[in-house]
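Engineer: Take the sequence shown: its position 318, counting from 1, is numbered 317 in numbering that gives the first Met the number 0, and each next residue is one higher.
To be clear, the hints were calculated from the coordinates, so they are not data collected in a lab. Computed from a predicted structure; not experimentally measured. The reader is advised that the hints may include incorrect statements.
Unchecked claim - EDC-like, lysine to aspartate or glutamate: derived pairs with alpha carbons at most 20 Å apart:
#: 1; residue 1: 468; residue 2: 302
#: 2; residue 1: 204; residue 2: 302
#: 3; residue 1: 158; residue 2: 272
To be verified - Here are the in silico distance ranges between beta carbons for each label pair:
#: 4; residue 1: 442; residue 2: 393; range: 42 to 52 Å
#: 5; residue 1: 299; residue 2: 33; range: 34 to 44 Å
#: 6; residue 1: 65; residue 2: 161; range: 36 to 46 Å
#: 7; residue 1: 408; residue 2: 54; range: 48 to 58 Å
#: 8; residue 1: 29; residue 2: 196; range: 27 to 37 Å
#: 9; residue 1: 197; residue 2: 62; range: 16 to 26 Å
#: 10; residue 1: 205; residue 2: 160; range: 44 to 54 Å
#: 11; residue 1: 272; residue 2: 69; range: 41 to 51 Å
#: 12; residue 1: 33; residue 2: 487; range: 25 to 35 Å
#: 13; residue 1: 421; residue 2: 392; range: 41 to 51 Å
#: 14; residue 1: 487; residue 2: 37; range: 24 to 34 Å
Where a beta carbon is used, it is the ideal one built from N, C-alpha and C, also for glycine.
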Amino acid sequence: MITPGLAIPLALVAPLLGCLAIWLLDKSPNLREGATLITAVVLLALTVMIFLAVGSGQQPGYMLIEVIDGLPIEFKVEPLGAMFAVIASGLWLVNSVYSIGYMRGHNEKNQTRFYMSFAVAISAAIGVAFAANLFTLFIFYEILTLSTFPLVTHYGDEKARKGGRIYLGVLMATSIGLLLPAIVWTYAITGTTDFTVGGILIDHKEAVAPITGVLLGLYAFGIGKAALMPAHPWLPNAMVAPTPVSAFLHAVAVVKAGVFSILKIVVYIFGIDFLTDTGASIPFMWVAAGSILLASAIAMHKDNLKARLAYSTVSQLSYVTLGAMLATQMGVMGGAMQIAAHALGKMTLFMCAGAIYVAHHKTLVSEMRGLGRVMPFTFGAFFLGAMSIIGLPPMAGSWPKFLLMLGAADAGQLAIIAILMISSILNVVYLLSIPVQAFYMSPTVKEEDGGDAKSQGAGGAGIQWGNLKEAPILCIAPPLFTATGAFVLFFFADPLYNYLLPIAGGG
């Protein structure tokens with residue numbers, strides 16, 4: 000019988016076995032993609048088992064190996080990590096279904112390498128989620144960077160190679176140049192890198208207090224995957240990848256691993272009380288607030304849909320960092336809830352962008368006037384995803400912003416509340432304008448054939464009912480599913496809030 004403790008190594012190994020199966024089935028696309036889906040289902044079942052165990056009060060763990068004294072590769076699951084693992088594995092399954100429709104519908108090359116890289120990357124994301132200490136987290140953080148590089152450079156042209164160089168350069172430079180020294184420094188001060196409730200630095204307050212701000216800065220900018228400005232250029236440059244990769248980077252693994260790591264380090268290494276006492280997080284709170292507004296302003300001026308969504312992600316990720324740096328219970332809870340809500344909302348938007356490209360080969364916002372009339376399902380899902388990102392009820396994204404405002408009020412930072420409100424207004428401008436012009440404006444150029452996508456294989460032909468010219472069903476069903484998920488999560492936010500409450504010292 001599989002116990003929650005045994006499920007941890009199985010969750011790490013299952014995607015790797017799936018990767019092997021994908022490689023062996025290279026010549027049989029249907030079996031290859033069947034192996035991908037079976038692996039995703041197995042991984043989801045394992046992470047749900049662990050999630051439920053943690054919810055019942057257990058703390059399953061697994062020791063792999065102690066490299067040197069005090070630095071083991073070890074796993075221990077707490078509520079935040081359990082939630083992240085379920086989100087990553089669940090959305091990997093959704094993204095895998097979508098990828099089949101997209102890759103076949105768009106006749107992409109190197110599909111076996113594509114699915115193999117995905118499998119290794121999701122294993123690394125699970126390693127980050129379950130890491131019991133900074134040392135383990137760093138190892139899987141780096142594996143995640145390296146395994147997603149082939150995805151970013153999938154097309155192999157000069158544009159993809161340039162984007163890949165920036166992607167790898169920024170993430171490796173920040174992690175090796177800033178994050179690794181921060182981990183070594185922490186270990187030198189405390190003699191451990193274990194994630195501990197209340198933080199490990201508070202027991203060394205006198206030694207750490209003078210340099211807390213410097214150490215926190217090394218972590219904040221060393222975790223480049225959180226895309227805190229100015230460590231963000233890798234994210235918009237990574238948009239040269241196929242849309243399923245963009246969805247994976249933004250919603251499933253990479254950026255979520257970044258903000259998850261920042262939140263976990265603030266809670267379990269520094270501790271909320273310690274940061275409140277020292278005030279060391281306040282400068283980085285303002286950096287996050289500035290990133291929210293600046294990235295939103297840039298997004299407003301991007302005509303390329305994926306570029307607009309990329310800068311939107313930079314802004315939305317900073318909500319999590321902001322919540323951590325507020326160093327209040329409500330701030331931390333708002334940041335944690337944002338991880339789940341943003342994953343559903345942003346994945347919906349990126350998958351819709353891909354569906355538009357597959358069906359009509361349009362990538363610019365200015366080209367989407369009137370397109371909602373022939374793609375109502377796609378733009379309907381986009382509208383719901385945008386509503387969640389903006390933070391409008393009844394969508395899941397409204398709860399994180401509400402909690403962040405409460406956290407700002409608790410911290411006495413009323414200006415942060417104003418910034419969050421301004422951000423929501425900017426989100427309305429650059430996101431809702433897309434479905435509005437798609438549904439209510441006349442096309443700028445008459446569509447003679449309703450799009451030039453040629454869909455075949457498992458993706459099937461594009462949907463054509465009367466005047467409708469949608470993408471293949473496997474490109475439409477996943478964003479409708481995640482958009483529905485963002486709606487449902489609005490009504491089930493309270494159970495998730497209570498599940499996560501122990502990370503902020505409640506419950």
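Engineer: Does each hint hold? Answer for all of them.
Structural biologist: So, going through the hints one by one against the coordinates:
1. This hinted pair does not check out: residue 468 and residue 302 have alpha carbons roughly 23 Å apart, beyond 20 Å.
2. For the proposed pair residue 204 and residue 302, the alpha carbon gap of about 49 Å is over 20 Å, so the pair is violated.
3. Of the supplied pair hints, the one linking residue 158 and residue 272 is violated, its CA atoms being roughly 46 Å apart against a limit of 20 Å.
4. Between residue 442 and residue 393 the C-beta distance comes to about 32 Å, which lies outside the given range of 42 to 52 Å.
5. Checked against the hint of 34 to 44 Å, the C-beta distance between residue 299 and residue 33 comes to roughly 43 Å, which is consistent with it.
6. A beta carbon spacing of about 41 Å between residue 65 and residue 161 agrees with the range 36 to 46 Å that was offered as a hint.
7. The beta-carbon spacing between residue 408 and residue 54, approximately 29 Å, falls outside the hinted interval of 48 to 58 Å.
8. For the pair residue 29 and residue 196, the supplied restraint of 27 to 37 Å is violated, since their beta-carbon distance comes to about 48 Å.
9. Taking the beta carbon of each, residue 197 and residue 62 are about 23 Å apart, inside 16 to 26 Å as hinted.
10. For residue 205 and residue 160, the Cβ-Cβ distance of about 50 Å falls inside the hinted range of 44 to 54 Å, so the restraint holds.
11. The beta-carbon spacing between residue 272 and residue 69, approximately 25 Å, falls outside the hinted interval of 41 to 51 Å.
12. Judged by the Cβ atoms, the range 25 to 35 Å given for residue 33 and residue 487 holds: they are separated by roughly 28 Å.
13. Checked against the hint of 41 to 51 Å, the pair residue 421 and residue 392 fails, with Cβ atoms roughly 19 Å apart.
14. For residue 487 and residue 37, the hinted distance range of 24 to 34 Å is satisfied, since their beta carbons lie about 26 Å from each other.
Checked against the numbered hints listed earlier, the structure breaks hints 1, 2, 3, 4, 7, 8, 11 and 13; every other hint is satisfied.
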